[in-house]
Amino acid sequence: MRKLMIGNEAVARGLWEGGVQVVSSYPGTPSTEITEFLSENRDIYTEWAPNEKVATEVAFGASLSGVRSATCMKHVGLNVAADPLFTLSYTGVNGGMVICVADDPAMHSSQNEQDSRHYAKAAKIPMLEPSDSAECLAFAKEAFAISESFDTPVLFRLCTRIAHSQSVVELGERVAPDPIPYERKGEKFIMMPGNAKKRHPFVEERLQKLTAFAETSPLNRIEAGGKHVGVITSGTCYQYVREALGNEVSVLKLGMVWPLPVDLIKTFAASVERVVVIEELDGFIEDHCRNIGVKVDGKSIFPPIGEYSQSVIAAAFGIEAKPHVLIEDPIPARPPMMCAGCPHRGTFYTLKKNGVTVLGDIGCYTLGAQPPLAALDSTLCMGASVSGLHGFNRGLAETGRKMKTACVIGDSTFVHSGMTGLADIAYNGSASLVIVLDNSITGMTGHQENPTTGYNIHGDPAGKIDLEALCRAMGFRRIRVVDPYDLAATDAAIKEELEADEPSVVISRRPCVLLKRVKTDPPLSVDTALCRSCKKCLSLGCPAISFRDGHAVINDTLCTGCGVCAGLCPFHAIGGKEAAQ
Amino acid sequence: MKTVNIMIVGVGGQGSLLASKLLGKVLVDAGYDVKVSEVHGMSQRGGSVVTYVRYGDKVASPIIDLGESDYILSFEKLEAARYAEYLSPRGKIIVNTQEIDPMPVIVGRAVYPSHILNELESKDVTVDAIDALSLAEKAGTAKAVNVVLLGRLARSLSEVPRESWLEAIRSSVKPKFVEVNLRAFDLGYSLD
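Read top to bottom, the protein sequences are chains A and B.
For the first sequence, position 102 (counting from the first letter as 1) is numbered 102 according to the working numbering, and the numbering increases by one without interruption.
For the second sequence, position 81 (counting from the first letter as 1) is numbered 1081 according to the working numbering, and the numbering increases by one without interruption.
Treat the hints as calculated values from the structure; they're not laboratory data.
Keep in mind that this is a model prediction, so the values were computed, not measured.
Hints are supplied without guarantee of correctness; some may be wrong.
To be verified - Keeping only pairs whose Cα atoms sit at most 30 Å apart, straight-line, the calculated DSS-like set for lysine-lysine is:
no.: 1; chain 1: A; residue 1: K322; chain 2: B; residue 2: K1143
no.: 2; chain 1: B; residue 1: K1176; chain 2: A; residue 2: K3
no.: 3; chain 1: B; residue 1: K1092; chain 2: A; residue 2: K322
no.: 4; chain 1: A; residue 1: K3; chain 2: B; residue 2: K1077
no.: 5; chain 1: A; residue 1: K519; chain 2: B; residue 2: K1123
no.: 6; chain 1: B; residue 1: K1002; chain 2: A; residue 2: K253
no.: 7; chain 1: B; residue 1: K1123; chain 2: A; residue 2: K322
no.: 8; chain 1: B; residue 1: K1021; chain 2: A; residue 2: K227
no.: 9; chain 1: B; residue 1: K1021; chain 2: A; residue 2: K516
no.: 10; chain 1: B; residue 1: K1092; chain 2: A; residue 2: K519
no.: 11; chain 1: B; residue 1: K1077; chain 2: A; residue 2: K536
no.: 12; chain 1: A; residue 1: K516; chain 2: B; residue 2: K1058
no.: 13; chain 1: B; residue 1: K1123; chain 2: A; residue 2: K3
no.: 14; chain 1: A; residue 1: K322; chain 2: B; residue 2: K1176
no.: 15; chain 1: A; residue 1: K188; chain 2: A; residue 2: K253
no.: 16; chain 1: A; residue 1: K3; chain 2: B; residue 2: K1143
To be verified - So these bits of chain B aren't anywhere near chain A, every CB distance computed over 12 Å:
no.: 17; residue: L1078
no.: 18; residue: V1105
no.: 19; residue: R1155
no.: 20; residue: S1158
Said to hold, decoys possible - Covered stretches of chain A (chain B as the covering partner; in silico rule of three or more C-beta atoms under 8 Å from a C-beta of chain B):
no.: 21; region: 48-59
no.: 22; region: 166-179
no.: 23; region: 227-241
no.: 24; region: 311-325
no.: 25; region: 409-421
no.: 26; region: 540-551
All C-beta atoms, glycine included, are put in the ideal place defined by N, C-alpha and C.
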């Protein structure tokens, strides 16, 4: 059957057709849909794990038991999973194991632009990289075969443009191998020094064998064309090269980006006058070419930053840019923002009003950094708000300074990596205020359940972490729960806890307004007779409120009736429809 | 055939996902090679969103660059201006005249430009401005703005028969929303 699929769905299909039995992942744009699509197959086990390290270890355990397993994450998630990754290289696998990692060049939804190919090189394991959805499907199946025949976990690299672009695929049948019997093999799976020392030579030999495989595997192919220029490329760049240069150039298209072939590259280079490496982000293939003595151009003509496109490549080859319409008027930006009715808004408004320095974290609430709320001071990585706040407060205290400080972290991020920072605060008695923005969902990645929501990946009832009990068990004595729609109560709680001289947690609890299980109230409206045009409501940065013809106006298709603006209006001009009439 | 390029632009939450899904399905069923590219994630939170749709005998790149788009389907007026530079000379831009203020306008740091349609019309492109919101309301729900606009675009893509679009709507939309979406499609398609 011919079907249009995003890359992520095709990867999911390929893993499923390839016989995956256990999948454990943590959501992260642009990787999330792989696991979501896999979860539609009820003949396999899928789950959301608390973080990528746990997910990778679950996949390892499943592989150890003898079934094919996978885990999927975004590029920064692989940092979290790096610990098991490096030693998994030594143990190898029992059942095949695939680790999907999605990079985000141009940072559409990420905090950095790291290039995950370096992990494959550093951990000495193979990495595949598809160029469209059909390859996503085919390579995912191939990844299991490579994993089992070379006794290695396999990294599967995507980028945003492959993960989220749809192209045509042909579906196949699922072929699930019988489980490989489990046998106790301490010398392979117990990585203590005596055993690990014996495994390291295996890792080096495996890399040699994989390099030999890369020389002849159909994953890497030469497409002969013009002989003046030969392009070495992979992933989405291959499509841009084809679009911009057609058959004017010869192409060495790499489907396996680690280890890289040596003879194949030398042969290709010898067949053309000039070799150009075209790859987004780092000069990874380029460095390899230099190391094996092949002269290439790469980052001297292409940027190490952002996404490429056909015109980026055309420009580098001196092809004239296409004529286009020019718009002279300045166009106001339209940055993403917190939704109308977002429960985070009341918390951020209160923090800003109280002049609090706020260490932030990763999630929808990072949007609290946007004006007009502009309530955040830092965002680093998952969980860093909590541990960072402790360090910030120690830095102040050690040098006799005082500031009002707090951190904000969402429920999912808290379970992912905030709990360990909280343990540090409790253990070391840090007078720090941790605000958990509990909206009962993993929001930014598009509503995935997590261990605090009470539902599993299928939406079925599941275990639920009691955040208050967890904080108590860690030794916190000051634990408050507030409703962020109630500005007065939120303000009182935050003011009091800022004064506390011991560790303190405020749980700001209100489910995400976009959740299907949340019923919203009817939209509010402004009584223009009462509105004095003070614009206080506009300071909330709610997309449903704008200012027209001298007074505030509420857009009733966006308004969810949360009432935060009504609570803020000094002239009681905002209310329900009937109140306004 | 030459690859045809279509961009769908708008504001996160306006339903461009359904429009691109229907468009992609119709084109694949018609036997074309098709690529559709959009970015999910942070940009969806009320931000400016763009989807690229390309079809032809063989499509390589999933994205569309400046000056390459044969059609732009804009769900909002300001977004039409933002992406107009992607239009090829003599390309066609279908604009929903609805205005949605971006945050810089809401907080008074910027002004919503008042002459967008005039400026577009002064260029070497075809401008088709319609009030899709009113038509969607006429069809039965303001949420069908996306399908009204898709209907408008479908009129221009004469190589695909009208019935294929209706079939795609019937098979892709939840049963209880089929009728309203068929009405919305027709209002966009039949508008003079």
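request  = Report holds or violated for chain B covering the region 48-59 of chain A, Cβ cut-off 8 Å, minimum 3 residues.
outcome  = With 0 residues close enough to chain B, the hint is violated.
task = Measure nothing beyond the straight line between the CA atoms of K1092 (chain B) and K322 (chain A); if it is 30 Å or shorter, mark the hint as holding.
result = holds, 16 Å
inquiry  = Can you confirm whether the C-alpha distance between K3 (chain A) and K1143 (chain B) stays at or below 30 Å?
reply    = Since the Cα atoms of K3 (chain A) and K1143 (chain B) sit roughly 27 Å apart, the hinted pair holds (cutoff 30 Å).
Hint consistency between K516 (chain A) and K1058 (chain B) [alpha-carbon to alpha-carbon, up to 30 Å] = violated, 40 Å
message = Against the 30 Å threshold, does the CA-CA distance of K519 (chain A) and K1123 (chain B) hold or violate the hint?
response = Given pair K519 (chain A), K1123 (chain B) is violated - Cα atoms ~47 Å apart, limit 30 Å.
message = Hinted pair, alpha-carbon criterion (30 Å max): K1021 (chain B), K227 (chain A). Please report holds or violated.
response = It is violated: about 40 Å lies between the C-alpha atoms, which goes past 30 Å.
query = Has the region 540-551 of chain A got at least three residues whose CB is nearer than 8 Å to a CB belonging to chain B?
reply = holds (count 5)
request  = Could you grab the alpha-carbon distance between K3 (chain A) and K1077 (chain B) and see if it respects the 30 Å cut-off?
outcome  = violated, 33 Å
Reported absence of V1105 (chain B) from the contact zone with chain A (all CB gaps over 12 Å) = Incorrect as stated: the minimum Cβ-Cβ distance to chain A is 6 Å, not above 12 Å.
message = Does S1158 (chain B) clear chain A by more than 12 Å, comparing its Cβ with all Cβ atoms of that chain?
response = holds, 22 Å
Within 8 Å of chain B (C-beta), three or more residues of the region 166-179 of chain A = holds (count 3)
Restraint check for K1077 (chain B) with K536 (chain A), where alpha carbons must lie at most 30 Å apart = OK: K1077 (chain B) and K536 (chain A) at ~28 Å, within 30 Å.
Of the numbered hints listed earlier, those contradicted by the structure are 1, 4, 5, 8, 10, 12, 13, 14, 15, 17, 18, 21 and 25.
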